[in-house]
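The numbering of the sequence shown is the working numbering, which starts it at 3 and goes up by one.
In short, the hints are calculated from the structure, not lab data. Each hint should be verified, as a subset may be incorrect.
[As the list claims (entries may be wrong)] Lysine to aspartate or glutamate pairs mimicking EDC-like chemistry, simulated, CA-CA at most 16 Å apart:
(1) Lys-190 / Asp-391
(2) Lys-200 / Asp-252
(3) Lys-249 / Asp-281
(4) Lys-200 / Glu-257
(5) Lys-337 / Asp-281
(6) Lys-30 / Glu-171
(7) Lys-200 / Asp-281
(8) Lys-318 / Asp-252
(9) Lys-315 / Glu-300
(10) Lys-249 / Glu-266
(11) Lys-315 / Asp-252
(12) Lys-394 / Asp-271
(13) Lys-303 / Asp-281
(14) Lys-337 / Asp-306
(15) Lys-164 / Asp-175
(16) Lys-315 / Asp-281
(17) Lys-293 / Asp-204
[Stated by the list, open to error] Pairwise CB distance ranges, derived in the manner of DEER restraints:
(18) Glu-131 / Pro-305: 49 to 57 Å
(19) Asn-212 / Phe-301: 12 to 20 Å
(20) Gln-258 / Ser-332: 29 to 37 Å
Even glycine gets a Cβ: it sits at the ideal position worked out from N, Cα and C.
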Amino acid sequence: MLYGKNVLLGVCGGIAAYKSCEIVSRLKKLGASVDVVMTENATRFVTPLTFSSLAGSRTVCDAFEGGFEYDVKHVSLAKKADVFIIAPATANVIAKLACGIADDMLTTVAVATRAPLLICPAMNTGMWESVTVKENIAVLRQRGALIVEPDSGRLACGDTGKGKMASPEQIVDEAVKLLMPVNDYDGKRVLVTAGATKENIDGVRCITNNSSGKMGMAIARAAADRGARVTVIKGIVSVPVPENAYKVVDVSSTEQMYDAVMAELADNDIVIKAAAPADYRPAEVYDNKIKSQTLTLEFVKNPDIAAAVGKIKGDKKLVVFSAETQNLLSNARAKLESKNADMVVANDLTAEGAGFNVDTNIATIIAKDGSVCETGLVTKRRLADIILDTVKTL
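Given these sequences and hints, build the entire structure.
So, in structure tokens, the structure goes:
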């Protein structure tokens with residue numbers, strides 16, 4: 003798959019450096035040529051010999067080391083690379099990259115290269131959530147770097163939270179997308195809804211749900227990367243909108259999302275309903291904060307956006323999601339039929355690694371013709387591509 007592609011891997015000084023060995027292994031199995039450059043601190047966690055053995059090339063650590071065929075190494079590596087992956091990327095190196103500091107081999111190559119940067123942070127939760135790191139990440143995003151955000155879990159320091167480096171599988175998946183862009187959606191117009199809606203109760207309170215918007219944004223990014231003109235209608239999301247989206251519409255309530263979808267429908271070929279709009283809203287919304295010992299609310303049904311699209315879609319393709327906690331397949335098939343959809347993506351929210359606020363998912367894709375695809379545990383970006391691959395067959 004990656005024959006003829008040159009990958010440069012930068013390894014910084016963090017415990018996640020051991021995972022970078024698997025990144026090299028996966029890239030080599032895909033046929034890529036891999037070179038590794040390490041910071042001095044990275045060599046305290048994994049030896050350069052380990053990476054050299056896996057990559058089949060000499061690992062570079064010192065900008066001034068000799069003893070082999072002469073070239074200006076930081077320039078030759080920078081020019082050779084088709085993509086520069088930095089994994090793990092520490093807070094220190096992220097700060098250097100944001101400021102343009104080049105005081106070792108890794109940061110010098112990063113400044114010199116014109117290859118896309120794929121940065122995979124790994125650090126303590128407190129560091130990841132700090133204002134400084136957030137600002138530096140924002141700077142790198144603005145310059146075009148792709149950030150593979152860290153996962154949540156137990157960290158080496160003993161804390162639990164966001165900060166552990168993304169899985170080697172996910173990192174390699176992102177690298178493949180950069181190295182092997184597919185324009186099979188060129189000319190297609192794709193409408194994607196993402197995130198949660200909220201329904202106000204009073205001047206302070208609202209009801210919403212746990213949707214993060216990660217799945218919807220992964221689909222939007224994948225479609226845009228594959229050449230589609232993508233319109234994103236988003237509610238509450240925890241991840242940024244793809245920079246290459248054609249149009250972004252912000253909404254708050256389900257009724258607003260309904261209106262936005264209806265307004266954009268005619269101008270799109272494919273509608274992918276990955277959002278989690280609230281099914282109900284309070285019958286009455288109070289202007290001021292309710293102060294009462296007890297509170298009883300009456301709810302009314304919100305408009306069914308997917309069903310409304312299904313009634314008037316004509317030859318447009320409609321993809322819906324079915325997030326369930328029980329009776330997954332029967333509920334998904336019922337939704338496929340009742341919404342007049344062409345495909346349903348069903349996932350069990352109780353399954354480990356699936357559902358809201360995680361970077362992976364486990365899905366069962368059911369098409370209108372009855373065909374079924376079980377994805378197993380995959381990254382949401384990988385699932386996005388599987389969904390788009392399946393839509394092409396409808």
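Hints versus structure:
1. Lys-190 / Asp-391: Answer holds: Lys-190 to Asp-391 is near 13 Å, not above 16 Å.
2. Lys-200 / Asp-252: With Cα atoms ~12 Å apart, Lys-200 and Asp-252 stay inside 16 Å; holds.
3. Lys-249 / Asp-281: Not satisfied, since the Cα-Cα distance of roughly 26 Å exceeds 16 Å.
4. Lys-200 / Glu-257: With a Cα-Cα distance of about 10 Å, the restraint between Lys-200 and Glu-257 holds, given a limit of 16 Å.
5. Lys-337 / Asp-281: Given pair Lys-337, Asp-281 holds - Cα atoms ~14 Å apart, limit 16 Å.
6. Lys-30 / Glu-171: Cα-Cα ~13 Å, so holds.
7. Lys-200 / Asp-281: Judged against 16 Å, a Cα distance of about 10 Å means the pair holds.
8. Lys-318 / Asp-252: 23 Å, violated
9. Lys-315 / Glu-300: 33 Å, violated
10. Lys-249 / Glu-266: Holds, at about 10 Å.
11. Lys-315 / Asp-252: 23 Å, violated
12. Lys-394 / Asp-271: 12 Å, holds
13. Lys-303 / Asp-281: Cα-Cα ~6 Å, so holds.
14. Lys-337 / Asp-306: Status holds; Cα separation ~12 Å.
15. Lys-164 / Asp-175: Violated: Lys-164 and Asp-175 sit about 21 Å apart, past 16 Å.
16. Lys-315 / Asp-281: Violated, because 21 Å separates the two Cα atoms, which is more than 16 Å.
17. Lys-293 / Asp-204: Given that 16 Å is the threshold and the Cα spacing comes to 10 Å, the pair holds.
18. Glu-131 / Pro-305: 49 to 57 Å: With a Cβ separation near 37 Å, Glu-131 and Pro-305 fall outside 49 to 57 Å, so the hint is violated.
19. Asn-212 / Phe-301: 12 to 20 Å: For Asn-212 and Phe-301 the Cβ distance comes to about 19 Å; the hint holds.
20. Gln-258 / Ser-332: 29 to 37 Å: 32 Å, holds
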